[in-house]
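S.K.: Between the sequences and the hints, there should be enough to build the whole structure, so can you do that?
So the sequence lines, in the order shown, correspond to chains L and D. Counting from 9, one number per residue, gives the positions in the first sequence under my numbering. Counting from 24, one number per residue, gives the positions in the second sequence under my numbering.
It is worth saying that the hints were derived from the structure and are not from the lab. A hint or two may mislead.
[Unchecked claim] DEER-style ranges, computed between Cβ atoms:
{"no.": "1", "chain 1": "L", "residue 1": "N328", "chain 2": "D", "residue 2": "R111", "range": "25 to 35 Å"}
{"no.": "2", "chain 1": "L", "residue 1": "K252", "chain 2": "D", "residue 2": "Q180", "range": "44 to 54 Å"}
{"no.": "3", "chain 1": "D", "residue 1": "A236", "chain 2": "L", "residue 2": "E258", "range": "47 to 57 Å"}
Think of the CB as a built atom: it goes at the ideal place given N, C-alpha and C, for glycine as much as any other residue.
Take a look at the letters that make up each chain.
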Amino acid sequence: MNASVRRAAVLGGIRIPFARQNGPYARASNQDMMTATLEALISKFSLEGETLGEVSAGGVLKHSRDFNLTRECVLGSRLNPHTPAYDVQQACGTGLEAAILVANKIALGQVDSAVAGGFDTTSDAPIAINEDLRQVLLGANRARSTTGRLTALTKLRPQQIVPALPRNAEPRTGLSMGEHAAIMATEWGITREEQDELTVASHRNLAAAYDTGFLDDLVTPFLGLERDQNLRPDSSVEKLAKLKPVFGGENGTMTAGNSTPLSDGASAVLLASEEWANAHELPVQAYITDAQTAAVDHVHAREGLLMAPTYAVPKLLERNKLTLQDFDFYEIHEAFAAQVLCTLKAWEDPVYCRERLGLDKALGSIDRDRLNTHGGSLAAGHPFGATGGRIVAGLAKALAEKGSGSRGLISICAAGGLGVTAIMEAA
Amino acid sequence: MSDRYQQLVNTPIGKIVSKQIGLPSPVKLERYEPGQPVVSGPVLLGAAKGGRLAGAVAKVLKAIDAEVHTPLEQDVRTAAADAGIEARVWNAEAAPEDETFQALVFDASGIADSTQLHEVWAFLHPTIRRVRRSGRVLLLGTPPDDCSKPRQATAQQALEGFVRSMGKEVRRGATAQLIYVGRKAEDQIESTLRFYLSPKSAYISGQVVRIGASALSADRIDWERPLAGKYALVTGAARGIGRAIAKVLARDGAHVIGLDVPALENELEETIGGLGGSTLVLDITDDDAPARIATYLLENHGGVDVVVHNAGVTRDKTLGRMSDEQWDKVIAINITAQERINEELLGREVFHENGRIISVSSMSGIAGNAGQTNYAASKAGVIGMVHAMAREVGKKQLTINAVAPGFIETQMTAAMPIATREAGRRMNSLAQGGLPVDVAEAIAWYASPGSGGVNGTVVRVCGQSLVGA
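M.R.: Shown next, in the form of structure tokens:
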């Protein structure tokens, strides 16, 4: 076993523009999008024919046939077929978790180079056959005689033609993620206006990131789409104020504007040891310094479903002897504007920090000008598995531009009451 | 004693009619039942910037296991966290319309000048209509006398007018009080806060309460039986308000020594017997009464903890028609006897440590009443006595206070002419008469070993009567 730990470097990443559900990528599969993204990464870093340590990627909505999708993407790419691969799945935390997994392997010397990626399509969604029909067919399959098979098939009924659609609901509460976020918004007294302001900032920052060229080497066109389809550079609080609430009832504060839309897309990030990067003459943008996951009990203790990052971050801070204010960039995934605001308020709240997080005092507030400086999921969209890669690649570049000593915090909430967080530092 | 009007307006049809023609609509006030929580619903705690009481209030709210909500402001959230309360967040702008509170508590002690009074408005404006039936609005401030700067004293005094108006505005049996907490008295607020948050203070509203520092700790009190192991003498205990006082003090754990005149001995035995107390039958106006009382208490109980001067009579006549017997009797029973008993008990050191003297005054003593020159003089005298003796008894770690009941439903009021009775019942913020137990609960609050910081005060148990306000 290798006793020494190396720094896991982020060399850069790329993604395809994110599309809205049933938009330009309506007919693109996860494999199409992930392969195209991998190809773009190969071009960006001249990885053609290269045998990498491994490729790790995943998505949330997958067909059952895609049990080995990442490996298939590798085989469909210009990477050396000897590059191993595996799929990861941790709801919306998938992309960041993939990066953490390969970073840890690099740190331990188990691999020298790796790609972490993620994808999701809500358009080309897996539709399963009706559960009753499935049971009938499996029963017929189990029967040993023709008579037995025919007897089993007599259980076929017309209503079994109705397929099983993927549901955006928590299995143990039956509530959609938006409904959970609406509960959190009420608990924390989040106003519509605050949410809309955060949403406008997200669009404004993403638009600026395109306009200034920041995203030029981070986004590659796909199927005719050059920018994220959801981006509304002219978004304003006045315009958002006109939208009707979609979660939390008639008087709810959450709208289609301040919640992320269902979207399609993929992303990939190249990570390596410093030696590998040097040998390939690729500059290091940033390091993944540390990572922490956490989970809340949204089932029994009725904790906010998307509040798990609030638990994870203090652990990261303590382990790295940092305060919440010690970061130049905060990448807080915007599943919903309300959820970002709840997270920030929780960290500012002496009660929450002491009673829930077991801290002596509140973590305090952050400089909002450092939050999601190049746009967030509200503007870009949120293909579940692809968001982590979008954030890691963007933050690595931002840190590289900011220069040595700069530091960034990533916080991603996920279904199931999960949270995935990480610290990155500039090279 | 039944209030038929109140019953009528609380029928479905009565509600509609009274609302349509704008009649007062008194609700049935929630009253305390042993074992029930201090507050039956959520409490919203707020604080003006720079206040010094939120922490002490939060501790009490924690002790009573209240469901606490606070605005998302650092000071008050820190106070809640320090008290170990997992307070929920309140934001008026985002709150559901149907969210209501059993109590609103605001620490206004930080208000340093009249411009900062805006914070009181900001806290109560969006919340005052969210107060539940028999809800509570409590403001805590700094006594103007304790303020070093004129502007601060001015603003703190302004709270009085605010709260008195609030008491008249809140509906459905809700009440509002101002509690001035002196410097270094922050640790003395629990008994008072518990009382004014709970249904025990059902018939008190628009009052200003002062809490001062006390050398005695208010910790480690069994709030279910705060008077356990204490001896309480109640004069005039055979019936009416006195009987209610005896019952409530016994409920709170006290051994009650019920005192009344020989003519009421049977009733006295009946009242006190059921409470496991003792009886003392004598006429307090007898020359040797104070000495006999003192001797009895010393010999049988080693002293006394609480003395409630409840015995009182009326001999109503306009002054021109009033006989000298009528004058003398009222003065002798209602005030002179109290003075003589106090002097004897204090002189012979009959009081145990942390003892209490509690007198029953009357609204007549504050406002005056035609036909009651003798009675009003005696009851105003009680107030004077309380004020005059507070400093002296305070030095001995005792307190002296008085309650001034307004219209309380008793046999006496039941015998009033209907017009007088109805006027008395309705002319207050709660639009109804109080019950003897309401007076008794106020006395039990004074009697509590946790009320050592409350000295020399008079609280009106009158539903915020329009009279004498």
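S.K.: State for each hint whether it applies.
M.R.: Structure-based check of all given hints:
1. Between L:N328 and D:R111 the CB atoms are about 32 Å apart, so this pair conforms to the stated range of 25 to 35 Å.
2. A hinted range of 44 to 54 Å for the beta carbons of L:K252 and D:Q180 is consistent with their spacing of about 49 Å.
3. Distance hint check for D:A236 and L:E258: the Cβ-Cβ separation is about 52 Å, which falls inside the suggested range of 47 to 57 Å.
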